[in-house]
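Chains as they are written, first to last, in my numbering: chain A, 2 to 307; chain B, 271 to 445.
Simulated from the structure, these hints should not be mistaken for lab results. Here the structure is a predicted model, which is why all the values come from computation and not from measurement. Cβ atoms here follow ideal geometry from the backbone N, Cα and C, with glycine treated the same way. One thing to keep in mind: the hints can contain errors.
No more than 30 Å apart at the CA atoms, straight line, and that leaves these computed lysine-lysine pairs for DSBU-like [stated by the list, open to error]:
| hint | chain 1 | residue 1 | chain 2 | residue 2 |
| --- | --- | --- | --- | --- |
| 1 | A | K226 | B | K412 |
| 2 | B | K412 | A | K148 |
| 3 | A | K132 | B | K429 |
Here's a subset of chain B near chain A, in silico, CB distances under 10 Å, partners left out [to be verified]:
| hint | residue |
| --- | --- |
| 4 | A362 |
| 5 | D366 |
| 6 | Y393 |
| 7 | R394 |
| 8 | A398 |
| 9 | V400 |
| 10 | G402 |
| 11 | R403 |
| 12 | T405 |
| 13 | D407 |
| 14 | G410 |
| 15 | L415 |
| 16 | P426 |
| 17 | F428 |
Listed below, chain by chain, are the residues.
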Amino acid sequence: MDRPLPEGTPVPARDAAVGPASSRLSRREFASCAAAAAGLLMTACGPKRLLEFPKERLNSRLRDLEREYSRKFATAVTVADTPPMPNVLFAYALDISRCIGCRRCVYACVDENNQSRDPQVHWIRVLQMDKDRGVDFTHADPYYQPKEVPEENHFYVPTACQQCRNAPCTKVCPTGATWTDPDGIVVIDYDWCIGCRYCMAACPYGARHFNWGEPTIPAGKLNPKTHILGNRPRPKGVVEKCTFCIQRTRNGRYPACLEACPVGARKFGNLLDPESEIRYIIEHKRVLVLKEDLNTMPKFFYFYAT
Amino acid sequence: MMRGMRHLSLVAALSALCLVSGGGLSAQSQPQRPTERLEVPPPPFSEGIFPCSACHASMKVNRTRRPLAEMHTDIVLTHDADHRWCLDCHDAENRDMLHLASGERLSFDESYRLCGQCHGEKYRDWRAGVHGRRTGDWNGHKAYLLCANCHNPHQPHFKPIEPKPAPVRPSGPAK
Chain A
2 MDRPLPEGTP VPARDAAVGP ASSRLSRREF ASCAAAAAGL LMTACGPKRL LEFPKERLNS
62 RLRDLEREYS RKFATAVTVA DTPPMPNVLF AYALDISRCI GCRRCVYACV DENNQSRDPQ
122 VHWIRVLQMD KDRGVDFTHA DPYYQPKEVP EENHFYVPTA CQQCRNAPCT KVCPTGATWT
182 DPDGIVVIDY DWCIGCRYCM AACPYGARHF NWGEPTIPAG KLNPKTHILG NRPRPKGVVE
242 KCTFCIQRTR NGRYPACLEA CPVGARKFGN LLDPESEIRY IIEHKRVLVL KEDLNTMPKF
302 FYFYAT
Chain B
271 MMRGMRHLSL VAALSALCLV SGGGLSAQSQ PQRPTERLEV PPPPFSEGIF PCSACHASMK
331 VNRTRRPLAE MHTDIVLTHD ADHRWCLDCH DAENRDMLHL ASGERLSFDE SYRLCGQCHG
391 EKYRDWRAGV HGRRTGDWNG HKAYLLCANC HNPHQPHFKP IEPKPAPVRP SGPAK
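This is chain A alone, in the form it adopts within the complex (with noise of 0.2 Å):
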């Protein structure tokens, strides 16, 4: 910059019209400057997270995914926003004395949210335990495949996401694209997710979920009815969990896991009611959470009912 011009050079008229002004800010200087100029400028008008969407520009996203989905899937496809209910917390309860391990919530979980088939992504996994060792992870078998359950000796664990108040994987996400909803819900913005898959690795129950391939979903399957948070079909590259299938709960539905037990082992309610089924067994049960010393805090509560 300082550098002497050689004899005769033309001195551009850039430099002569700024004047000496220009001599106090150095290239680096302004580099900086447009820069951050450039990143507010962007962050203030560029795409907004969907936690501050303003709603008519979330409405119209909503209906363009439900042109996108419908067409590709040639079926009408609604796509919901329907926010928390006030003075709810949403907790699940699974009775391990119950469950006999048949897996009918697994594929009852992948229809109503539209899993991927193929792949496949399961956000239920059923994990058989001995009876001798107890709660035991390291030597939990979800591979099991007996001709009839229960299995002698052997108790079933079911884990999905634990909902955790004090959640690992929302603290990791560098995009701010999963959070906790006022509901308790730990949710995910597949807008926002960029399959970095920091919150797998932070999570300590193997919750999470990661769409290696383009995820597929069989003509006809497709369940129709989805939240923009939860079972909407996902693209490839997005990490996905439970959400309590939000689509059906923050409309007072039970979830379809729930539904489909045959034993009744799962229960679900909301924790601030005196009156549900969850206060009632909190109360009344012997009650754990797994991995209690990790102080994530679940809202997935196991239960003994005998």
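Since the structure of chain A is already known, use the hints to place chain B on it.
Just chain B, lined up with the frame of chain A:
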């Protein structure tokens, strides 16, 4: 604590006085939770078997405990069979009804009260929605199931069932 107790007894005494002076109010005016009727699906009768009176009305009641040889041979009782048989639950006078230990008759769609006589803890949990499956709305209308919708009353223990397929094992990168 003690003061609270005294308070309670005072309230109890006062309300008793009110009851006596009111005269008309009886304990029955309060909702009787344990016997309140619940909306349940129809009982799972075997096909063509109900009403029982269709055959039994013309038959003489035989109260002798015996293995059934001519009819109902498909029923195998493994529900504390040593201490129980048909007429402990089924009513002999009105064949289309059941009866409690007290002799009170009740219809098949109220059979949960009969089961609750012995399985009181399960009955309490079931009423609270903790035993058995519920469907419907977590904050509104919930559909109950009768005990007999899941448990065969004659062989109440669940039969083992075939599990759905195991998840595929993750495969490593192609070699």
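Outcome of the hint check:
About 21 Å separates the Cα atoms of K226(A) and K412(B), which keeps this hinted pair within 30 Å; it holds. A hinted pair counts as satisfied when its Cα atoms are at most 30 Å apart, and K412(B) with K148(A) does not qualify at roughly 34 Å. A threshold of 30 Å between alpha carbons decides the hint, and for K132(A) with K429(B) the separation of about 20 Å falls inside it, so the pair holds. Annotation: A362(B) was flagged as interfacial toward chain A, and the flag is violated, the nearest CB pair being 33 Å apart, outside 10 Å.
Hint on D366(B) is violated. Least Cβ distance to chain A is approximately 29 Å, over the 10 Å limit. With a cut of 10 Å, the hint placing Y393(B) at the interface with chain A is violated, because the nearest CB-to-CB distance is about 13 Å. Below 10 Å, beta-carbon pairs count as interface contacts, and R394(B) has one with chain A at about 9 Å; its hint therefore holds. Restraint check, A398(B) versus chain A: the minimum CB separation of about 5 Å is within 10 Å; hint holds.
Interface hint status for V400(B): upheld, as the beta-carbon distance to the closest one in chain A is roughly 6 Å, under 10 Å. Satisfaction of the interface hint for G402(B) is found here, the shortest Cβ-Cβ separation to chain A being roughly 4 Å, below the 10 Å cut-off. Annotation: interface hint on R403(B) holds; nearest CB of chain A at approximately 4 Å, less than 10 Å. Interface hint at T405(B): satisfied, since its Cβ lies 5 Å from the closest Cβ of chain A, which is below the 10 Å cut-off.
The interface hint given for D407(B) holds, since its Cβ lies 4 Å from the closest Cβ of chain A, which is under the 10 Å cut-off. Satisfaction of the interface hint for G410(B) is found here, the shortest Cβ-Cβ separation to chain A being roughly 6 Å, below the 10 Å cut-off. The restraint placing L415(B) at the interface with chain A holds, with a minimum CB-CB distance near 8 Å, inside the 10 Å limit. Interface restraint check for P426(B): the shortest CB-CB distance to chain A comes to about 13 Å, outside 10 Å, so the restraint is violated.
Because the beta carbon of F428(B) sits about 7 Å from the nearest beta carbon in chain A, less than 10 Å, this interface hint is met.
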